[in-house]
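Enquirer: Assemble the dimeric complex from its two separately framed chains, guided by the hints.
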Amino acid sequence: MDFGHVQINDPNAPAPNQRLSAASSAADSRYTRGKSTLERSLNKTKGAEVSLSAFAFMFSEMLQYAQKRVQGIQDLERKLNEFGYRVGIRMLELLVWRDKNSKRETRVLSVLYFVHTVVWKNLFGKPADSLEKSTENDDECEWLWCGAISKVTWKWGHMVRFDMISDNDPLVSRYISVPKELSQLNCNAFVAGIVEAVLDGCQFYNQQILTPFTPFPLSTPLPSPQPARVTAHTVPIDGFPFRTTILIKLDREILQREELLKP
Amino acid sequence: MGSSFYLVIVGSRDDPVYEADLGPSSKAPPVPEGTKKEESKHLNQFIIHSALDIVEEVQWNTTATYLKVVDKFNEFLISAFVSAGNTKFMLLHDTKSEDSIKTFFHEVHELYLKVLMNPFYEVNHPITNTHFDSKVRLIAKRLL
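Chains A and B, in that order, are what the protein sequence lines are. Using the UniProt record's numbering, the first residue of the first sequence is number 1, and each one after it goes up by one. Using the UniProt record's numbering, the first residue of the second sequence is number 1, and each one after it goes up by one.
Chain B extracted, bound-state conformation (with noise of 0.2 Å):
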């Protein structure tokens, strides 16, 4: 089965704010369709979801923003890193590889602080911006 990476972002009160399905690594091979992993995409909210109540416990014994691997169901990992702010990156993989994972939160904090700083958009509100959702895919393909 080929990894997939599913990202969301939480906002400080619980709030959905962007979630994307990151599809398969560019570094594993190429999976062929309709195989196993279709099956299982639904499940991919209520892990993150259950993941949640972790995060909330690891970070306060903490003062990093990246709290590396905070959950594990079946073969899945989920990622966490907390902004300043509270909004929590969470990011659903099925290969360890701390380093980029690292690398693709803080590119990806980034991001999520310039559309923040956008006085038109609210904080916890959903980001629908398309340039926002482009560059995290790119993101992504570069170091997942």
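Bound conformation, chain A alone (with noise of 0.2 Å):
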């Protein structure tokens, strides 16, 4: 960058041409030096870390382009959960890759830790503070839960599993106060994106929900979103005014599955 500025007072300066010319070697030499992404390392990973500070600042910005294109908090945090989306599929590659013994997880309990350990100290330098299983073919205890998370709106035949996995102070809605007119919104959705990547890589979610019609041409985008299955929800406790609970709920089929693989 140090090319960019003339100094047109300055006697010692060569002429105007001299100069472009050296900045345009100078710009030639520093585009050849770029790599291609495919000659990067992978394994970098020592002082590679963001800073906090910048990452706020990025996110505040997605989340002003989001809610610029949405009506209402559902839609808001549908959103932010794409976004967490597309980081997490990644993360879940190159996580699983970086391991030495790179394995995949084929079952829910290996998944979930996989999500509480490997994957938050990644992003957030530290493990989650709590991985809670909370229920499986118990409906009086669906309706309980039903009752602490006051926004779960789900039809509830159709589940047989929630999980947890909790932050005291999650990180990136460190700095976001959120206004009283958005009191429902959790910026962990994000988050909770980031999370249903990670199972839905590793066949977690059922195929049928994820593609629900006939398969779809190429060029065309995405389907239309579905209901996130992975949400996120501020659950105070004493001390932890920002304690945000991830719940991730499984579907029967999966749990079939799992019944199946049991050796």
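Please note that a few of the clues may not be correct.
Some chain B residues well away from chain A (every beta-carbon gap over 10 Å; in silico) [claimed, not checked]: (1) L22; (2) I54; (3) V70; (4) D94; (5) T103; (6) K135.
PhoX-like mimics (lysine-lysine), calculated; alpha carbons at most 20 Å apart, straight line [to be verified]: (7) K35/A / K100/A; (8) K141/B / K102/B; (9) K68/A / K44/A; (10) K103/A / K102/B; (11) K100/A / K102/B; (12) K103/A / K135/B; (13) K135/B / K35/A; (14) K44/A / K133/A.
Because the hints were derived from the structure by calculation, they are not lab data. Owing to the predicted nature of the structure, the values given are computational and were not obtained by experimental measurement. Even glycine gets a Cβ: it sits at the ideal position worked out from N, Cα and C.
Expert: Written out as structure tokens, the structure is:
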């Protein structure tokens, strides 16, 4: 960037045309020095962290961008979820690849544990604060959870299991103050999108739900978004007013498959 | 008949992402033009397509990424590799050499990852990057 500032009053400066050529050659060498993405190493993690302030600025821009293009909170959360999805699907592939003895996760619990520790550590520098399984085949319990988290409005007959990953002080929304009229909004929908992508990549969502109709021609955009199956909710507890729970619902088909896979 | 290789990358929603006819092996003796091999070329896609079903069965019983030879069709063998995000790499070949195919898959997977890391690339869309293509061919030349 040092060639960018032309000092007109400098008596020792070379003639303008010389300066121009020097500038362009510098630009050329910079251009050729830039490696193609295919030449770069995927293993450089040291010193590659992004500062929190840079991320906070970026995220605030993302929020503003999204907010201009949606109607209502649900729509906004869905959009954030989509943003997160794009991150998550890449995180999954990259993190598994970086692991020395990389393997695919085929069981629900191991995937959730992977999200709770490996993914969280790489994104936020620490594992998530808790991983809980709430219910299985128990309608009453589901209703209880429904009471605790007032926002949930799903069809109850369909699903059988919830899992929750909680973070006491989520990094993503640390510098975001949500206005009163948007109090339902939780910006960790972005993180929920990441989690959803990881689970999706590991095939923990039913293909039927993902692609509801006929196969799509490649040129068309991805199918119209389904309601998110991983959602973020603010569940404050003592001392942690911003504690956020990522609620994961798994479909019956997945649990049936899990049963079949038991050795 | 000289050995030939045919690579297909299939996305997690069964979209075709990339295909390459990698031609005869560098180690095999050259085959005269216009022999039987040419005629069966169009079959490759069908063979790979039918092997996808078997991959989807096998992938649940192991957590390994490299699934070895999953299917056979006449003298052809199909090896498969499934990535963490469920992208399938399928290689049609007619000579057995597990080790070199394993390394081949791992290197192609790394290349694929690098394409995937590009934020302008959409998951499961075709890879049109010519650089990727030539790199894959280089790896094939070196290993197969």
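Enquirer: Looking back at the numbered hints, which does the structure fail to meet, lowest number first?
Expert: 6, 7, 9, 12 and 14
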